[in-house]
Amino acid sequence: MTQKPSAGPVAEVLQGRSRSTQGMFGDWIRSRTPANSWPVVAGFAVFAAMLGLQQLIVPGTQRLLTSVFLFVALAQAWNIIGGYTGYASFGQVAFFGLGAYTVAVLMNNYHVSFWVALPVAVVVGVLFAVVIGVPLLRLRGHYFAIATLGAAEGAREVVNNMTSVTGGGGGITIPTFGSEAPTPYFGKPGFYLAFLVLAAVSVAVAALIARSRFGYAMVAVHEDEDAAGAVGINTTVVKVIAFAVSAAIVACAGAFYAFQQIEFYPTDVFDASFTVLMVIMVVIGGSGSVVGPLAGAVGLELLSQFLRVNLGSFNQLIFGAIIVLVVVFFPQGVVIYLRDAWRTRQFSILDNVRRYRL
Amino acid sequence: MSQFLQAAAYGVVQGGLLGLVAVGFSLVWGIMNVVNFSHGALAVTGAYIAWILNIRFGVDPFLAIPVVAVALFAFGYVLQRGLINLVINAPIFLTLLLTFGLNLVILNGLQLLFTADDRTIDTSYASQSFAIGAVNVPYGRLAACFLALGITVALALMMSRTRLGHAIGATGMDRGAARLMGIRARHIYAVTFGIAAALAGVAGTMIATVGSFNPTTTPGQLTLDAFVISVLGGLGNMYGALVGGLVLGIAESLGGLLLTGTWVNAIAMAVLIITLVIRPSGLIGKAMYGGRVEV
Amino acid sequence: MMQRVSASAMVAMAVVVAAACGGGGTTSGSGSSVTFAAPVSQTGAFGQAEGLYTLQGYKFCVQTLNSKGGISFGGQSHKVNLVTEDDQSVAATSAQIVDQFNDQGDKLILSPYGSAGTTAVAPVVERNGQVMVDSNGADTAIFTHGYKSTFAVLSPSSSYVTSIIDALAGLSPAPKTVAIIAASDGFSQHAAEQGVAEAKAKGISVVPSATAYTSSTKVTANATDVSSALIAIKGTNPDVIIISAHLNEAVAAVKQASELGVKPKDGFAATVAPPTPAFISALGKSSEGVFGSTQWVPEISASDTVFGSAHEFLTNFTNTYGWSAQQYPYQAADAAAGCEALALAIEKAGSADPAAVRTALAGLKADTFYGHIEFDSTGMNTVKPMYVIQIQKSAFVTIYPSSLATKQAIWPAVS
Amino acid sequence: MIAPVEVPSAAVLEVRHLAKRFGGLWALRDVSFSVSEGEILGVIGPNGAGKSTLVNLITGHLRPTTGQVLIGGRDVTGLRPWVIAHDRVARTFQIVKPFRGLTVRENVAIGAMHGNERDRSVRDALTTADELLDLVGIAKHANATPTQLSVADARRLELAKALATRPRLLLIDEVMAGLRHHEIESAVELIHRLRDSGITIVAVEHVMKAIVSVSDRILVLHHGSILALGSPSEVLADPRVIEAYLGHRYLDRRSS
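Protein chains in written order, with my numbering: chain A, 50 to 407; chain B, 37 to 331; chain C, 15 to 429; chain D, 26 to 281.
A hint or two may mislead.
Computed from the model, here is a short list of chain C residues facing chain B with C-beta under 8 Å [to be verified]:
1. G217
2. S219
3. V221
4. S229
5. S230
6. K232
7. K248
8. L274
9. A369
FRET-style restraints, in silico, Cβ to Cβ [what the hints assert, rightly or not]:
10. S223/C to G186/B: 40 to 46 Å
11. M211/A to Q422/C: 45 to 51 Å
12. L99/B to S223/C: 44 to 50 Å
13. G98/D to T393/A: 53 to 59 Å
Sample of chain B residues facing chain A (criterion: CB under 7 Å; computed from the structure) [as the list claims (entries may be wrong)]:
14. G218
15. I309
16. I310
17. K322
It should be emphasised that the hints constitute simulated quantities derived from the structure, not laboratory data. Where a beta carbon is used, it is the ideal one built from N, C-alpha and C, also for glycine.
So that you can see chain A by itself, here it is in the shape it has in the complex (with noise of 0.2 Å):
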């Protein structure tokens, strides 16, 4: 009764025709349909901007967009697990602060050089995404965010104990001056396009991750893990990585905020409020695209800043109605908002509100 499979189109069609081997890479490079090539000529567009800014800037304002830049990427980190993946992290502080400690450490106990310091600390971000990853993936929506939460709050106290190693409560210094310096101060400039060039780098990772394969594994984690699973995705995989190329940006970048900051305290590389403000900035730009982070950081760094300077003592209560007014009226994310606006020519605002009113 079972027939010999026939060479029918069906057939022809099912066992595919002979398609290149290459690896998982391969395809990274060739993923972009060249339709959508002008974000990655816009993107070199904006980097070269930047890079001539930074020789005629107002004054004041390079250690300005320096911070910007910091945000840019943390916010792309945080979209790439929270956004992407579908798992709010509420834990990715813990990498920026053992990013910061990993360099310090080394740099003041054992007098190593910071480019030998800054892999040793991605290193050691990546390994402790997956150490709690693991376990905590495995968890969802808020339960997975407060456990994470945890997990920051945790490794802060272990740093903040570890008084021998780390200085503890006491907070710790990397030697910049003179001779008994491991590397030269990079000093404002430097640091502009070491932030600038990490911005880039982590939108760069976001935008090829987004249309790669393994993007789309992370957003079919994110509509539907039995379905994910069902098609062939190893979702338990694609989770950690997702969080390890997170908390590898977050790791460097905290890396290099140690090194511009040269005396810290676990309090301040282990603040909350860093995860808080990757959260809002991801999400108020439009979370799940690599545009909306982007703008998220950028918009809201330079409102908070611009608040700071001139409000004085009412900046961070105006800050908050901000939010409160943007969240109200764009629910989806501002970028969203603009795109759907852009695509079916709809700008009310009004309509918006009503769309997700109770």
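Add chains B, C and D to chain A, keeping to what the hints say.
What follows is chains B, C and D alone, placed relative to chain A:
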């Protein structure tokens, strides 16, 4: 040995107070799936109201509780009806951001009104304690512990025995279906948030009576405690907050005895993470509440 | 109208970028005025509290200097212009602000409130060739990195607990045992460390052990629950419990001590907290009799041309900002002294050039309303002593050194 | 019971004494059968008979309480869903589970990318997706989002997504429920074409008419255990099936 008993006793009464802080937060989260970042700020608002009543009119904090509860209920009702209802259908983390913005507004508003100094409601009895053998039990925290128990039982009874309770529960389970049954979801959500705000206010009053509070650091600490305890105890069960509070209180108190004081935070987080890994929906929570969320 | 909202959002973004780059306050004028620049905490944990008192101290000093014609050097008198920016009580933001001040040409820096902020700013000042007078950052760690451009007018953290021990040793009956609860931050740990050494020197034993402050009686900085430390002390019944920490821990310790039945035989003492109005408002009656070490008391005899005597400073300051004479924030006095030191150095150097001001500060020896200001090679003012006050009927009463004591200490203080 | 026929090459799917208990309720009790290559096995039974539980146990979405599942002779009991999927086993879900954030075309492409013989690149996967959308007849919705599809089209998307992983065994969980008459016709015709291309199919339905016309053999589940297993005609004639499934009146009318 007496140190062990003292630590355990203090852990229990501290746990009761922590349970009181968390019960409102757990209600809002369980029913409306809203993580209320401004829970701590609402509690401190309640504390300031009780403090003013005490300073200006000499009202005892326990007598001020009804006034604080009514004021916070109204404030909570308006917040939900006017603001949070606008984003209920948005992705879950939007309500988190909205309440984060709200927290900044309330927190900075209080700071500008009352300066950032630490305040307390000075009562003759709150910090006194009676001794059973070598163990001292403080009156203030003990009263807060009983209040927490009373409120949790009342809340559980209200949820299971009254029409309002069923309406809240139904709306929490399935908003669409509840509306088909004629339940005015907007009103019910606003009432639920109002109750939670009132509970936060009562907790704030107790915190002010047994300890001190300020508008800048206390709100964040209370919200974090409420978040940890609600998850530890588990959602969807009215007694979850109380159980979570007691477990956390005792763990921190005994932990503080065995290791130095600075390990207390790490212990609390370790207890939380271990519980979640073993029972992903909390000690006595219902599984349904854990997984129904996505960004 | 709504339709245009998103378009205007774009315009707003552009405006924000431009304005944020402008930076607040006026750029430093040349010639006629001298600019003092200070990151201050107007929001966050210190906002509307210690940060506010520091800002008031700086403003009061600049007002007073300008009312006397400003600073005279190079044959002219120059008005002083104070530029401040809110650091949201975040150390990293303080560092960013001082860097931005440098970009705007402001080289004369007054420190933010607190050791954390000052620690973060010190390396920035060093690298930019600015010069900073530290008014409220006492942690000795700041001065161990060989920085040449930071000068602290206030006594270092090492003297906070030692002054209490010395005051206690002078009482009758002098306490034989003390327990020390110390917060985990560097400032509190260093202070406790020196305190234990001083206690040993004065023959006072530390319970439950000399190093307890690093283990069983060590608590997290700014914690509001110190029950674990108190339980560790329970049963050793010390004569005095000393809290080397900040406001939160001191308030929690006093309240929770009665809850846990841990009563010191004679009384409580604490660093930083008791001489601030917030301590009294937080504890009410149970703040009575508590000892506190403070940087400044109005009873000191020194006086100067800017503020006059200590008492004159107190009356003028409290009238300007509405404080009561009995409950004044000593942080404002520290701030005013820091600003005055900078002004004196500029007059001594005869120019506002940071290098000249730095050498002038290094060699400065001045008697002011704040006491004697002189800096050692690392920039610390080890000459000025600390004083100890006791809270009596909700007022700060100076009781140590005895030469300045206005009233006898009520001892034992525990009611 | 019909002993599993030992065919020379191991059966594509073999289930031995499979059982699943949820608390006190036995959803499936001691089920054993095997499916040989190129065969279409229909599985039928009233709601709650354990049909979906059976599918979930085979594809690893549920762990069996007792019993074994063998794919091509290899024991895959208790393995994770994606491991089994890589053994060229694909499935559709009774309640459709599309990736809502993506377009219909991207949904199918994900199957191609991550199925067992992967299309190396996204672009290849997208071209395979287009071909499969043609095959199942929803090519015109390629750029729509799954939520905009009709019930029938959403089921076709599920099918296309499963096919994209190039299965040799396909489990279809109620693809034809709720379809109109002519839609059932085209669905049956499509399933036959899939079988002709070499895919072994287990079709779970509760629409009797659909199952009879598509299956080579039919397995009837009742309260978690096998009531009957045989050719459509045998099963339809079996009094136990009629009595349990179609009720006495149908039995009496037939016999009178």
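- Message: Would the hint on I310/B be counted as holding, given a Cβ-Cβ threshold of 7 Å to chain A?
- Response: 10 Å, violated
- Task: Closer than 8 Å between Cβ atoms is the bar; does K232/C clear it against chain B? Give me holds or violated.
- Result: 5 Å, holds
- Query: Measuring from the C-beta of L274/C to each C-beta in chain B, is the shortest one below 8 Å?
  - Reply: This hint holds: L274/C lies near chain B, its Cβ roughly 5 Å from the closest one there, short of 8 Å.
- Against chain B, run the beta carbon of V221/C and see if the smallest gap drops under 8 Å. 14 Å, violated
- Query: If you take the shortest Cβ to Cβ gap from K322/B to chain A, is it below 7 Å?
  - Reply: 13 Å, violated
- Message: The hint names K248/C as touching chain B; please verify it with the least Cβ-Cβ distance against 8 Å.
- Response: Since the shortest Cβ distance to chain B is 6 Å, the answer is holds.
- Message: Taking 45 to 51 Å as the stated bounds, is the beta-carbon spacing between M211/A and Q422/C within them?
- Response: 47 Å, holds
- Message: Let's test the interface hint: is any C-beta of chain B closer than 8 Å to that of S229/C?
- Response: 5 Å, holds
- Message: Can you tell me whether the CB distance of S223/C to G186/B sits inside 40 to 46 Å?
- Response: At roughly 43 Å between Cβ atoms, G186/B and S223/C fall inside 40 to 46 Å, so the hint holds.
- Supplied contact hint for G217/C, tested at 8 Å Cβ to chain B: Given a least distance of 27 Å, the restraint on G217/C is violated.
- Query: Does the nearest C-beta of chain B fall within a distance shorter than 8 Å of the C-beta of S219/C?
  - Reply: Hint violated; S219/C Cβ to chain B Cβ min 20 Å, cut 8 Å.
- Query: Was the hint right that G218/B lines chain A, CB cutoff 7 Å?
  - Reply: 16 Å, violated
The structure fails to meet hints 1, 2, 3, 9, 14, 16 and 17 from the earlier list, while all remaining hints are met.
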